[in-house]
Amino acid sequence: MSKQDGRSRQVNTTPVDDTGATILHVDMDAFFASVELLSRPELRGTPVIVGGGIGPRSVVSAANYEARRYGVNSAMPMSLALRRCPNATVLPGSYDLYSKYSKQVLAIFEDATPLVEPLSIDEAFLDVAGARRVHGSPSEIAQMIRRRVEAETGLTCSVGVAGTKYVAKVASSRAKPDGMLVVPVAETQAFLRPLSVGALWGVGPTTEESLRRLGLATVGDVADTPYDVLRSTLGEALAAKLHSLANGIDPRSVSTQREEKSIGREVTFSYDVTDEAEIRRAMLHQADDAAARLRAAGLVARTVVLKLRYTDFSTVTKSRTLAEPTDVGRRIYEEATAAWHALGAAGKRIRLIGVRVEQLGESGSGLSLWDPDEDWRDAETTIDEVAARFGKGSIRPAALLRPKKQS
Amino acid sequence: MKFQANRDVFSEAVSFAVKLLPQRTTLPILSGVLIEATATGLVLSSFDYEVSAQTEISADVEETGTILVSGRLLAEIASRLPNAPVRFSTEDSRILVSCGSASFTLLSMPVEEYPSIPQISSETGVVPAEEFAAAVAQVAVAASRDDVTPVITGVQLEVSENSLGLVATDRYRVAVREIDWDGGSTATAETITALVPARTLQEVGKTFGHSGTISVSITSKDERELIAFTADKKTVTSLLIKGNFPPVRRLFPETVENYAVMNTADLIEATRRVSLVLEREAALRFSFTPDGVTLEAIGSEQAQASETIDAVLTGVETVVSLKPQFLLDGLGAVHSEFVRISFTKTENPNKPGPVLITSQTSRDQAGADSYRYLLQPNLLLR
Numbered sequence: 000m001s002k003q004d005g006r007s008r009q010v011n012t013t014p015v016d017d018t019g020a021t022i023l024h025v026d027m028d029a030f031f032a033s034v035e036l037l038s039r040p041e042l043r044g045t046p047v048i049v050g051g052g053i054g055p056r057s058v059v060s061a062a063n064y065e066a067r068r069y070g071v072n073s074a075m076p077m078s079l080a081l082r083r084c085p086n087a088t089v090l091p092g093s094y095d096l097y098s099k100y101s102k103q104v105l106a107i108f109e110d111a112t113p114l115v116e117p118l119s120i121d122e123a124f125l126d127v128a129g130a131r132r133v134h135g136s137p138s139e140i141a142q143m144i145r146r147r148v149e150a151e152t153g154l155t156c157s158v159g160v161a162g163t164k165y166v167a168k169v170a171s172s173r174a175k176p177d178g179m180l181v182v183p184v185a186e187t188q189a190f191l192r193p194l195s196v197g198a199l200w201g202v203g204p205t206t207e208e209s210l211r212r213l214g215l216a217t218v219g220d221v222a223d224t225p226y227d228v229l230r231s232t233l234g235e236a237l238a239a240k241l242h243s244l245a246n247g248i249d250p251r252s253v254s255t256q257r258e259e260k261s262i263g264r265e266v267t268f269s270y271d272v273t274d275e276a277e278i279r280r281a282m283l284h285q286a287d288d289a290a291a292r293l294r295a296a297g298l299v300a301r302t303v304v305l306k307l308r309y310t311d312f313s314t315v316t317k318s319r320t321l322a323e324p325t326d327v328g329r330r331i332y333e334e335a336t337a338a339w340h341a342l343g344a345a346g347k348r349i350r351l352i353g354v355r356v357e358q359l360g361e362s363g364s365g366l367s368l369w370d371p372d373e374d375w376r377d378a379e380t381t382i383d384e385v386a387a388r389f390g391k392g393s394i395r396p397a398a399l400l401r402p403k404k405q406s
Numbered sequence: 000m001k002f003q004a005n006r007d008v009f010s011e012a013v014s015f016a017v018k019l020l021p022q023r024t025t026l027p028i029l030s031g032v033l034i035e036a037t038a039t040g041l042v043l044s045s046f047d048y049e050v051s052a053q054t055e056i057s058a059d060v061e062e063t064g065t066i067l068v069s070g071r072l073l074a075e076i077a078s079r080l081p082n083a084p085v086r087f088s089t090e091d092s093r094i095l096v097s098c099g100s101a102s103f104t105l106l107s108m109p110v111e112e113y114p115s116i117p118q119i120s121s122e123t124g125v126v127p128a129e130e131f132a133a134a135v136a137q138v139a140v141a142a143s144r145d146d147v148t149p150v151i152t153g154v155q156l157e158v159s160e161n162s163l164g165l166v167a168t169d170r171y172r173v174a175v176r177e178i179d180w181d182g183g184s185t186a187t188a189e190t191i192t193a194l195v196p197a198r199t200l201q202e203v204g205k206t207f208g209h210s211g212t213i214s215v216s217i218t219s220k221d222e223r224e225l226i227a228f229t230a231d232k233k234t235v236t237s238l239l240i241k242g243n244f245p246p247v248r249r250l251f252p253e254t255v256e257n258y259a260v261m262n263t264a265d266l267i268e269a270t271r272r273v274s275l276v277l278e279r280e281a282a283l284r285f286s287f288t289p290d291g292v293t294l295e296a297i298g299s300e301q302a303q304a305s306e307t308i309d310a311v312l313t314g315v316e317t318v319v320s321l322k323p324q325f326l327l328d329g330l331g332a333v334h335s336e337f338v339r340i341s342f343t344k345t346e347n348p349n350k351p352g353p354v355l356i357t358s359q360t361s362r363d364q365a366g367a368d369s370y371r372y373l374l375q376p377n378l379l380l381r
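As you go down the protein sequences, you meet chains H and V in turn. Here the first sequence is numbered in numbering that gives the first Met the number 0, starting from 0 and rising by one per residue. Here the second sequence is numbered in numbering that gives the first Met the number 0, starting from 0 and rising by one per residue.
The following residues of chain V were derived to be distant from chain H, with all beta-carbon distances above 12 Å:
1) S57
2) V68
3) P81
4) E112
5) E256
6) I267
Here are a few chain H residues that face chain V, going by a calculated C-beta distance under 10 Å:
7) E323
8) L368
9) W369
10) D370
Source of the hints: derived by calculation from the structure; they are not laboratory data. For glycine and all other residues, C-beta sits at the position ideal for the given N, C-alpha and C.
So that you can see chain H by itself, here it is in the shape it has in the complex:
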């Protein structure tokens, strides 16, 4: 979710040449907050924050532009957000509703072109190269999408139109909120050059710092720097990627089938946890959940990653590679437990915990002569079948059967 508050908004004021600018990046404006405002119109124009859950540990899921002007951003602790913007209205998230609107908006995109690549619940790339005859030029399609989204859902979105995915994404963020920015292919360089290096994909705080030490502050600076110089500081892969992006080169096409790269959830406890039994329960729950999703998708995972955030907000991850890819929750749980011990986390106060699986592949490529997890797999497959008939959670590990916590 973007941290922009709309103050540096940039949109086209006169028609521009959109020939060859066939990639659209559509991004819903303050999506969660805007959906909430549909049912609370009296809050329009006032700062609104959507927060996940209730309690001292709640974090900001989304904020509308009014709240963002106070410096409220998503993923920020709610306590800090409310210090910055004390008069904001905090609403609990209604995630089913977001999902419903997301599907509705996606259907509008798919009317324009079959080449839609959803990035998350509230943004997508569209390739409209083949849609000109049916729906018009890229900017006409972008405007049509914006009109339909607003007319049919009451929500607004911003669209970036450019020749590549990267430039389209930068353009949509510049156009926010409720705007459209077309970057003509011939002007791509001129558009990118003045941007801060932080706007390049793959540049986080650490890389930004390395680039600044090289005296590179803008995308143009990076574009003008010989690749070899970048490589010696950033390493081959990142240097090549940034050098291409800075020069407006982004060979990735819009792909409709997004492959899942990882499966997993994380949870912020409502209070810091040191109790090993409670941590194990959280890991078991997340491991079982990941395994059920793997089995449902017909996938197996080769790597288990445990992520922990301690009380001081420092975050560590530990991954463990399995001898054999798995879709068994018990195996994932045991690897996560081993990772937890390997991190030396026993006895430390933990704020957030997350178990995810990576290196996914299709299951069923080969059977092994013996499988220590065979019985567990049978049990978990049975749980899947029961869940399919009687609902999720009909059967669960005894460790997870406990009275609901009052928070």
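With chain H's structure known, arrange chain V on it following the hints.
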């Protein structure tokens, strides 16, 4: 230090010493070959804390001493020297190598920093070299190459009173064989096991295959367990892999009533041919009937293939799905004109029973050797 040696003898010794060195090493000094010139000849050694190789050759030593030089470089030089005696001499930290019209100057690495080569204790037993080399080649094909699970990257050696068992597995197949073992006077009824890295064992098999007999010693000292193989004044030592080898012998069936016998070469050829149209990792379907065995490659949209070859079936008609490479590894290892594929029963309805591959000297005569290769079929997809 100063010596002169026969070019072929020297080159062979260097090549032996560097063969087991890892391609890359974290400590540059471990990429060296240590050459000690003594009154009786030369001792060449290499050691990377896991594996060591040491050999003695004769040489005319004018002045004793010890040098340490880059192993790969020395091996390449030695293999290309002209046909003339090789002379070594040292001059400060430089080593001068001359041979006929060629001469080289090499830098010596610091000998004093080189670790000491493991000393081997008394012999545990003796194996016939040729049989050992053959058994290693047959069994090691089944060892895992995945370092995630170190215990199955080794070949398990099981020493009993007068036989040596070799076992390897990568979870998808298991290969075992027994060969003769002469435990000498120290032989006990107690079984000793040693888990040896498969790669090292394969090199030992290749190197010592024509040596008559190989002397083996297994020792454990201060937490470090070591195995040594010696023949022809050459010794290879290796640390043993720690951990418990999975109890795979119990996966083998005690009796089988259902099996088919085929000509090994015919089955290898047909498997290679039909699997040409398979996608990577896909399995071949084998239908065994009284009329023969039919191989079918299905599942690919672009191409299909099938072939039927002769087979003598005992018992009921059976269909199994096997990964061609796994089957070929087993067929390539039986070393007999005919091969028997036996079908085992299973209690798990979700999993086909493993197939057992054994040698067969004719259509109806089972092979005399003890080699067995057990392979897990895939699920039958239709």
